[in-house]
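Colleague: Given next are the chains, with one letter for each unit.
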Amino acid sequence: MVFSSSTFLMAFLPLTLLLYYGVGVALTKNVTVKNCILLCASLVFYAWGEPVYILLMLLSILFNFAAGRVIDDARDSGRDKAATAQFVLAVFFNLGVLGFFKYADFLVDNVNGIFGAHIPPLELPLPIGISFYTFQILSYIIDLYTGKIRVQKNLLSFALYISLFPQLIAGPIVKYRDIEEQLVGRKESWSKYSYGMTRFVVGLAKKLMLANTLGAVYSGIQATDVGTLSALTAWTGIACYTLQIYFDFSGYSDMAIGLGSMFGFRFNENFNYPYIATSITDFWRRWHISLSSWFRDYVYIPLGGNRRKTPRVIFNLLVVWLLTGLWHGAAWNFVLWGVFYGVLLIFEKYVLGDRLERIPSPVRHLLTMLLVMCGWVLFSAPDLTGALLYLKAMFGGAAGWTDGNGAYLLSTNLAVLLVGAFCATPVYRRILDRFDQKWVSRAKVVAYPLLFALCVVFMVSETYNPFLYFRF
Amino acid sequence: MADKTRQKQNTKTLRREDRLWVFRAALIVTLMVVLLSVGSLIAKDREYSANENRYLTGRPALSLSSLTSGKFMEDAEAYLSDQFLGRDLLVRTRAGVDRFVGKREVNGVYVGKDHFLFEKPSTWDDARMTRTLNTINLVTAKSGDIRSYMAIAPNATELLKDYLPTGAPVTNQTQQISAIYKNLPHVQCVDLVTPLKAVKDPTTLYYRTDHHWTAAAAEVAFREIAAAMGLVPDAVAYQTMPVTNSFRGTMASSSGIFKASDTISITVPEKEQTLVVTYVNEDKKTSTLFDASKLKEKSQYDVFFGGNFAEVRIDTGAESDRVLLVMKDSYANCAIPMMTPFFKTIVLVDPRYYNDNLPDTIAKEGVTDLLWFYNVNTFLNDTSIGDKLG
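Chains as they are written, first to last, in my numbering: chain A, 1 to 472; chain B, 473 to 862.
No wet-lab data here; the hints were simulated from the structure. There may be inaccurate statements among the hints.
Here are the computed lysine to aspartate or glutamate pairs in the DMTMM-like style, where the Cα-Cα straight-line distance is at most 25 Å [claimed, not checked]:
no. : chain 1 : residue 1 : chain 2 : residue 2
1   : A       : K187      : B       : D490
2   : B       : K757      : B       : D787
3   : B       : K484      : A       : D433
4   : A       : K444      : B       : E489
5   : B       : K592      : A       : E462
6   : B       : K816      : B       : E742
7   : B       : K592      : A       : D403
8   : B       : K816      : B       : D617
9   : A       : K438      : B       : D490
10  : B       : K484      : A       : D436
11  : B       : K585      : A       : D403
12  : A       : K102      : A       : D383
13  : B       : K480      : A       : D436
14  : A       : K444      : B       : D490
15  : A       : K438      : B       : E489
16  : B       : K575      : A       : E123
17  : B       : K743      : B       : D706
18  : A       : K438      : B       : D475
19  : A       : K187      : B       : E489
20  : B       : K543      : A       : E123
21  : B       : K476      : A       : D433
22  : B       : K575      : A       : D225
23  : B       : K543      : B       : D517
24  : A       : K153      : A       : E123
25  : B       : K633      : B       : E591
26  : B       : K816      : B       : E754
27  : A       : K192      : B       : E489
28  : B       : K543      : A       : E462
29  : B       : K633      : B       : E691
30  : B       : K484      : A       : E188
31  : B       : K480      : A       : D433
32  : B       : K516      : A       : E462
33  : B       : K633      : A       : D403
34  : B       : K476      : A       : D436
35  : A       : K81       : A       : E123
36  : B       : K731      : A       : E462
One chain only, chain B, in its complex shape (with noise of 0.2 Å):
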């Protein structure tokens, strides 16, 4: 009897300590809440967050119109996770949190080995890919005895395989490299896949933190495309000069992980070359086909062209008579350098960006070559060919 009511005693005391800790707890959370929302609103609001590459939402203005529509609550709610407190860290602390449990996945960047950061490959869409290579078969047909090639380079994922999460599904570049390949009968076609797959150290190819390929990569390509062309790039000697080490890019941008830095190198003939570069839509001249105030910025990958326009044409001063216009994406930016010995002038074109007449730019500029170079990703995703130059 007694040792029932000593139990009793016991378990009372026991419940009234546990409450007495969760009372505890309670307070704890509370003050968390109160210091989060004080501090919050305390705290100087932040106009520029850099890992995010974007202007943090500001304080939103009250009005009739924004309540009753629900925009002032949505920006609230914007303002109000924008400005939290510690928000780098807590971004941090998640990217953190997803590995250890074994996550290899964060906001469609697949987290590899070795500080690698991989975009998800595109998928092949057969109504938008049968679109863009039809544009391009017009394009060529269209324009008589241009000589026509395609260079599509392969992306991290085809080549860095071994660094990717294990198991990790990617799609088969050099398949549908060779199905884009097929489908362009009057175009000669450059194999990239081979020759960067025979590079002993692939990890030099790509960057870890951007879904860019390299100079060194791009270099590379750049030998295939110039025999194919039937130039001789052994005649100029070329040198290679890191110009950033402290690179973070898309890759690292959009996963919020920061933990390695890529160098950019930069490779150009030995002997300088008088340029002048005219971005045509932009209105502007320059001497130089690099923008060395975008290695203070975020994208430093723009350094090259300063990013991409619609229209850039560059007068080398070459003698040459052969006039060179490239349609391209941003892969093209760091192998263009490589190329201005050999053309009087190369065009850029960025079809994404481009509104004009390509037939018009053609005859202006005399064109006697025409290449479409553009990575795996972005060719398969790219809707503008088939938008502007159909």
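For reference, chain A alone in the conformation it holds in the complex (with noise of 0.2 Å):
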């Protein structure tokens, strides 16, 4: 289920809330209650999309629940050897089913390319949420086996942990440690409720007001041959793009940490205006903050980290930024994409070092961007021919500079554009800030609803359909 439909938001989400505030806070006041109807929910919302998978993931939750404990119990009875084996286990048996089910036929593709072969690839549908929940997984069972937490034993609080809706899909990747003590300790709040709301209408606004509207122009875009593209049409589309991956995966977080405060959670924060960043490492430090975290904790700092000799350092860093490209998309583009970033991370870190400072401020953003937007193409091309081409579309080499498709795209899509880069940045935050507070808090009342209002007609227009049988 996605939370821009009309059945998580009409029958979904008000029947979990009912249950959940009802015979949870309200009648019974008891925590194992809650978590049994958070769980059901969460075992509903997953299986409306993926049916069959849902025993896959509840495989998943049964065997890393046991192999917690078994590590527990090898490390309590001090036979540290067997601990470590089961650790072993754990971590391939939770690689080997993402590896299955996401690369297996990436690498039947490659094998079949360079080796000539004929192994018939698997074509499996890849389970939903599947890369996130299973970093979730690693987080604790590494982080058990490290003691850094204690064993969950309750397998309903770790079922919740894995499983829990607001985040199961599209993240934030939550390690267990930081939900640990929320699992049985959270409160709930009206404050938090409230919060949680409008942050989630937030969320929803961005996704199906910026993020599926520039969407439509890119992919558009992209459906016209490549070699037709004028510089300002692909820039347009790319700008487009750009903007739309940031409102489309922010706003899911948004909604995601909105709704885990609505029901007393609390997430870590996923984003923080990733355009506003003036380089490469800072742009790292502001997207998609809980992957880039996850790696730098269980994979950058295992392997050494920074603290070891600047070659084995370069290595470290290709071998994170090759595996975060990996872990977006079984294809070549993905891994050209994160080796990318890898690369220019290496450049700012030991050749521009300080000397970055001495750039103006502005120039660094806009450079920065720039990168970025590069970044997208390879991110979103169909394979890495396609990006190439897009890329030289981008700079005159397919079809010149300018054209009247161009001018007509970017004029009829202008305004969304600039409302997009406007709400990318804080600066409406300290255009707030010189008004009257009071008035401002005020607004909100209007503004909220106002908001979730427009998202429900674009949701609802979305699946307008007319059917054209006197379409001759």
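Hints are included, so try docking the two chains, each in its own frame, into the full complex.
Modeller: Right, dumping it as structure tokens:
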């Protein structure tokens, strides 16, 4: 189920809230009941989109719950080797499942391509959210093995941690240690509820009003022959995509954080205005924070982080960014996208170093955005060749610099692009700060409901689907 | 010191007040959610949407197989969004919002000036066109001394350029038509673009809310075609009558913009003929080219012949030995009524629905003239000529 659907908004959310607050909070005041309701809701939520793969997730939950207990028992009774063996097994199991469903066909493709083999691809659909929940599970197993957390002995709490519906499908990737206490000790409050609901509305608006609108422009451009794109069209397209992916993803995180808050949870922030970054290093401190911090904690630091000699640190960085790229998708353009960032970060760290600071910050900002946008070309292209051709078009190599089509696309979408660019920066906060805060607060009572009403308009109108049998 | 304490106190009050307003906002949003879901639940389900011209999804049936296949979930989403409270109003609001922010394109429809809605023009696909044109040449070669003609009508985007959204990308249909004509050496091709461009008020040539041309445009085309065929249309007196002024066509439906409505007129010979119209596959006979019942339906353009059929034969009783076969799309429908005084029989074939053998039909009817009559957009997209006649 997706948050921006009628099913979620009109049926799932109100029912879950009613049960949670009615039965869980008001009637029984019992955390087990509350967790049971949330777990059931989460399983329904997952099964809605994946009626079969829910079994895979349940299996994963049971296996890892048991693995945690075994590691802990072995550790307690001083059998360190047994603990290590179980730990390695669990890591391999989880990566194996992820690898099988996400990367098997990529491997098959490449083996076939390189060796001329004819292994048939599996063509399995990717289980929704598997990249996210696998990383959550790994954070538990690794932290448990390294002694940072205590074992979870309650299956209900463990299952809830893995399947909690707000962040199940697209993050943020919540580390077990950040949420351990909240699984049983969280407190709901009206202020958390209202913060959550308004945050959810903001996320919904980002997704429905900005991301989808901008996305439609870009997919239109993507559908046209890349050889006919003028530079103007290509830049308009990638500008739309740049904003689309931010609003899509950060909107989802807003909704997740908001929904979490409505049920008394507090998740860490996942985005911090990435498009105001003044360097690539800065960008990755602001973009998908939960993923980069996961790779930092569970790959980069275990490899020795930056406390080793320079060549080793460079190697570590490249490994991390290769994996980051691969995590985003099983295709070479994602790998290249990851390595592209790895190389840029190494360049900033070892070549530019302090000199970066001497460049005026507007220039740094501009350069960062140019690189990020080129990165999105790699990321969004159907394949590597497509990406290179698109880049060529951006620099006038396909159909010149401007044409009527580009002018039309830019002029008819300019307003949305400008609104998007404005909302992607914290400028609006500075503007609001200039007003009397009393009135800013009061305006919220109109603004949020209005925004929600617009979301409904956008959501329903997207399903407008006239049947044109008399088309001919 | 006292200042600082007061300031702190102030911030605290402000923050508390802010929380109160946010709480109220969240409460209103919650109420809106409840209202929408309960409202949609209580409201009687609509069966049919006139705007969308389709039956809306009803309550989905729950079964084990529909659950495991995920069909139930899909149907539930379709049901909830189809039966959403105030759906038509929401769709209309969206069209308004889109135009407000400068969008000029909704669902593949250009929202032009003076209420004109345009179908985005089709593009030329080399493989498809080669196939279509080869097939037509083949049919021409096989039909011996039958005279072959072709008339391709341009679409509104070509003739109403001033009414398009500024800068909207369109194709050059004049060029596309000449490219088609160039590839048909043994077919007599009729230029419709030049006479249509010469019409003083081009807004009379196309509907604002539909992708078809009007009877006025069809008359201009008819006179050109007639001249090419050696007919004398001036020998016949014609009359034009409006049959409806509430027409909202495909472009209105596609875009969800229902601001304007069009008038459909028909142009017919003043002197009535006794016609026998046979719908060959439907085994139906009537005495008129028009189906007035369609005027009460959404697709009012179907007033001509009641829509598109595989094969329609019109026996006109006219004093002529010529038998005309028209291979056509729906653009031809409003021009055909002007042709009845000149042919003993007119056979209309729409290759999209036609599954018989064309040489058989030609032989059986004793065809003397063959006219390919299309509009550019349909012709460029058509695969049925290559699929079925080759």
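Colleague: Taking the hints in turn, state whether each one holds.
Modeller: Hints versus structure:
For the hint linking K187 (chain A) to D490 (chain B), the alpha-carbon distance of about 21 Å falls within 25 Å, and the restraint holds. Taken as a hint, the K757 (chain B) and D787 (chain B) pair is honoured in the structure, with Cα atoms around 11 Å apart against an allowance of 25 Å. Of the supplied pair hints, the one linking K484 (chain B) and D433 (chain A) holds, its CA atoms being roughly 16 Å apart against a limit of 25 Å. Taking the CA atoms of K444 (chain A) and E489 (chain B), the gap is near 11 Å; set against the 25 Å cutoff, the hint holds.
About 19 Å separates the Cα atoms of K592 (chain B) and E462 (chain A), which keeps this hinted pair within 25 Å; it holds. Restraint check for K816 (chain B) and E742 (chain B): satisfied, since their Cα atoms lie roughly 18 Å apart, inside the 25 Å limit. Using a Cα cut-off of 25 Å, the hinted pair K592 (chain B) and D403 (chain A) holds, with the two alpha carbons roughly 18 Å apart. A distance of roughly 18 Å separates the Cα atoms of K816 (chain B) and D617 (chain B); the hinted pair therefore holds under the 25 Å criterion.
Taking the CA atoms of K438 (chain A) and D490 (chain B), the gap is near 8 Å; set against the 25 Å cutoff, the hint holds. For the given pair, K484 (chain B) sits about 15 Å from D436 (chain A) by alpha-carbon distance, which is consistent with the 25 Å threshold. At most 25 Å may separate the alpha-carbon atoms for a hinted pair to count; K585 (chain B) and D403 (chain A) meet this at roughly 22 Å. A C-alpha spacing of about 17 Å is found between K102 (chain A) and D383 (chain A), which places the hinted pair at or below 25 Å, so the restraint holds.
With a CA separation close to 16 Å, the supplied pair K480 (chain B) and D436 (chain A) stays within the 25 Å bound. A C-alpha spacing of about 9 Å is found between K444 (chain A) and D490 (chain B), which places the hinted pair at or below 25 Å, so the restraint holds. At roughly 8 Å between alpha-carbon atoms, K438 (chain A) and E489 (chain B) fall within 25 Å of each other, so this suggested pair holds. A hinted pair counts as satisfied when its Cα atoms are at most 25 Å apart, and K575 (chain B) with E123 (chain A) does not qualify at roughly 39 Å.
A threshold of 25 Å between alpha carbons decides the hint, and for K743 (chain B) with D706 (chain B) the separation of about 14 Å falls inside it, so the pair holds. About 20 Å separates the Cα atoms of K438 (chain A) and D475 (chain B), which keeps this hinted pair within 25 Å; it holds. Between K187 (chain A) and E489 (chain B) the alpha-carbon distance is near 22 Å, which keeps this suggested pair within the 25 Å criterion. Note on K543 (chain B) and E123 (chain A): the hinted pairing holds, with a Cα-Cα distance of about 21 Å set against a maximum of 25 Å.
Restraint check for K476 (chain B) and D433 (chain A): the C-alpha separation of about 20 Å stays at or below 25 Å, so the hint holds. At roughly 23 Å between alpha-carbon atoms, K575 (chain B) and D225 (chain A) fall within 25 Å of each other, so this suggested pair holds. With a C-alpha separation of about 20 Å, the suggested pairing of K543 (chain B) with D517 (chain B) holds against the 25 Å cut-off. Of the pairs offered as hints, the one joining K153 (chain A) and E123 (chain A) is violated, with about 37 Å between alpha carbons and a cut-off of 25 Å exceeded.
The suggested pairing of K633 (chain B) with E591 (chain B) holds, with an alpha-carbon distance near 13 Å, which does not exceed 25 Å. With a C-alpha separation of about 22 Å, the suggested pair K816 (chain B) and E754 (chain B) falls inside the 25 Å cut-off, and the hint holds. Restraint check for K192 (chain A) and E489 (chain B): the C-alpha separation of about 15 Å stays at or below 25 Å, so the hint holds. At most 25 Å may separate the alpha-carbon atoms for a hinted pair to count; K543 (chain B) and E462 (chain A) meet this at roughly 20 Å.
For the suggested pair K633 (chain B) and E691 (chain B), the alpha carbons sit about 21 Å apart, so the restraint of at most 25 Å is met. The straight-line distance between the Cα atoms of K484 (chain B) and E188 (chain A) is roughly 22 Å, inside the 25 Å bound, and the hint therefore holds. This hinted pair checks out: K480 (chain B) and D433 (chain A) have alpha carbons roughly 17 Å apart, not beyond 25 Å. Only pairs whose Cα atoms come within 25 Å are accepted, and K516 (chain B) paired with E462 (chain A) is accepted, the gap being roughly 22 Å.
A threshold of 25 Å between alpha carbons decides the hint, and for K633 (chain B) with D403 (chain A) the separation of about 17 Å falls inside it, so the pair holds. Annotation: proposed proximity of K476 (chain B) to D436 (chain A) holds, straight-line Cα distance about 19 Å (limit 25 Å). This hinted pair does not check out: K81 (chain A) and E123 (chain A) have alpha carbons roughly 38 Å apart, beyond 25 Å. The straight-line distance between the Cα atoms of K731 (chain B) and E462 (chain A) is roughly 20 Å, inside the 25 Å bound, and the hint therefore holds.
When held up to the earlier numbered hints, the structure conflicts with 16, 24 and 35 and fits the remainder.
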